[in-house]
Amino acid sequence: SSWYQRRVRGQAEVVPSTPSYQRVRPLHLGFVRPLVLMGTMTHKFSKRLVKDHPEMFTYCLRFTTNQTVEGEFLRHCTKEEVMARCGKEGSLIDCQRKKNEFYYVTREEVQRVSDNGKHCVLEDANTYTVDQLQKAGLHPIVILVKCKSSQEIRTVRNCSSEQAVRTISKSNKLESEHPGKFTAIVSGSRCDEIFKSILSAVTTHRESLWLPIS
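Whatever position you read off the sequence shown (first residue = 1), add 5 for my numbering.
Hints may be right or wrong, so weigh each one.
Think about it this way: if two alpha-carbon atoms lie no more than 27 Å apart in a straight line, the pair counts; the simulated DSS-like pairs of lysine-lysine are [what the hints assert, rightly or not]:
hint, residue 1, residue 2
1, K175, K84
2, K84, K103
3, K201, K104
4, K84, K140
5, K153, K104
Label-pair restraints from in silico Cβ distances [claimed, not checked]:
hint, residue 1, residue 2, range
6, H48, Y133, 17 to 23 Å
7, Q72, G35, 37 to 43 Å
8, P31, D136, 29 to 35 Å
9, E85, S174, 39 to 45 Å
10, Q168, Y133, 21 to 27 Å
11, Q72, K178, 32 to 38 Å
12, R195, K104, 33 to 39 Å
13, R53, R159, 14 to 20 Å
14, S165, E113, 38 to 44 Å
15, L79, H33, 29 to 35 Å
Please keep in mind that the hints were generated in silico from the structure rather than gathered at the bench. No residue lacks a Cβ here, since even glycine has one placed at the ideal position from N, Cα and C.
Generate the whole structure from the sequences, applying the supplied hints.
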């Protein structure tokens, strides 16, 4: 596998997804890789990356059929345009339906961010998004975020203990159901600690893949 997994706990330590005795080499891609965060409180960390480090991170333009919403990174479109885009091979990266309205992301818009030297942060992404990015040759950095403290989750999200526990369980389930899908797994008990580890993982994998030496 060309995926390499880092398990980050406070200070980052590298744990390869292939046997530890296997020699590896970096493959320089020549472009800035898009970023997918999955797991716990990813909206919080995505927003903080873009806010605190605008020179490194930004969102790409998303298209939506929802004519009632406005935003810097939103552009209105028709359902016919969505269907046409869905039929264009390799162009559609993500398409989500919310309350009978569509939101979609194209390869061209993700590439545009990369061409400007920044990581394109994809919110609400799932394993389908990751697969589409891979097929498009964009090789995303995929980080699974795991907050181990239910109290921290309760404080940040203003939710119940039961909801916090379910959030932790969902992250654990993602890890067990999709082994090898993640470039890095970041875990911690405090948001500041987790955020620093996300930055560390992104810096390591900014423009390179780690490949086994045969």
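Each hint tested on the structure:
For a cut-off of 27 Å, the pair hint linking K175 to K84 is broken: about 32 Å separates their Cα positions. Between the alpha carbons of K84 and K103 the distance comes to roughly 13 Å, so the proposed pair stays at or under 27 Å and holds. Distance restraint check for K201 and K104: the Cα-Cα separation of roughly 35 Å exceeds the 27 Å cut-off, and the hinted pair is therefore not satisfied. For the proposed pair K84 and K140, the alpha carbon gap of about 24 Å is at most 27 Å, so the pair holds.
Restraint check: the Cα-Cα separation between K153 and K104 comes to about 32 Å, which exceeds 27 Å; the hinted pair is violated. Distance hint check: the CB atoms of H48 and Y133 are about 19 Å apart, consistent with the given range 17 to 23 Å. Roughly 39 Å separates the CB atoms of Q72 and G35, a value that falls within the hinted 37 to 43 Å. Taken as a hint, the range 29 to 35 Å is violated for the pair P31 and D136, whose Cβ atoms sit roughly 23 Å apart.
A hinted range of 39 to 45 Å holds for the C-beta pair E85 and S174, which are about 40 Å apart. Range check, Q168 to Y133: about 25 Å between beta-carbon atoms, so the 21 to 27 Å window is met. The hint said 32 to 38 Å for the Cβ distance between Q72 and K178, and at roughly 36 Å that hint holds. A beta carbon spacing of about 35 Å between R195 and K104 agrees with the range 33 to 39 Å that was offered as a hint.
A beta carbon spacing of about 19 Å between R53 and R159 agrees with the range 14 to 20 Å that was offered as a hint. Take S165 and E113: their Cβ atoms lie about 42 Å apart, and the range 38 to 44 Å holds. Distance hint check: the CB atoms of L79 and H33 are about 34 Å apart, consistent with the given range 29 to 35 Å.
Figure legend: structure checked against the earlier numbered hints; hints not met, in rising order: 1, 3, 5 and 8.
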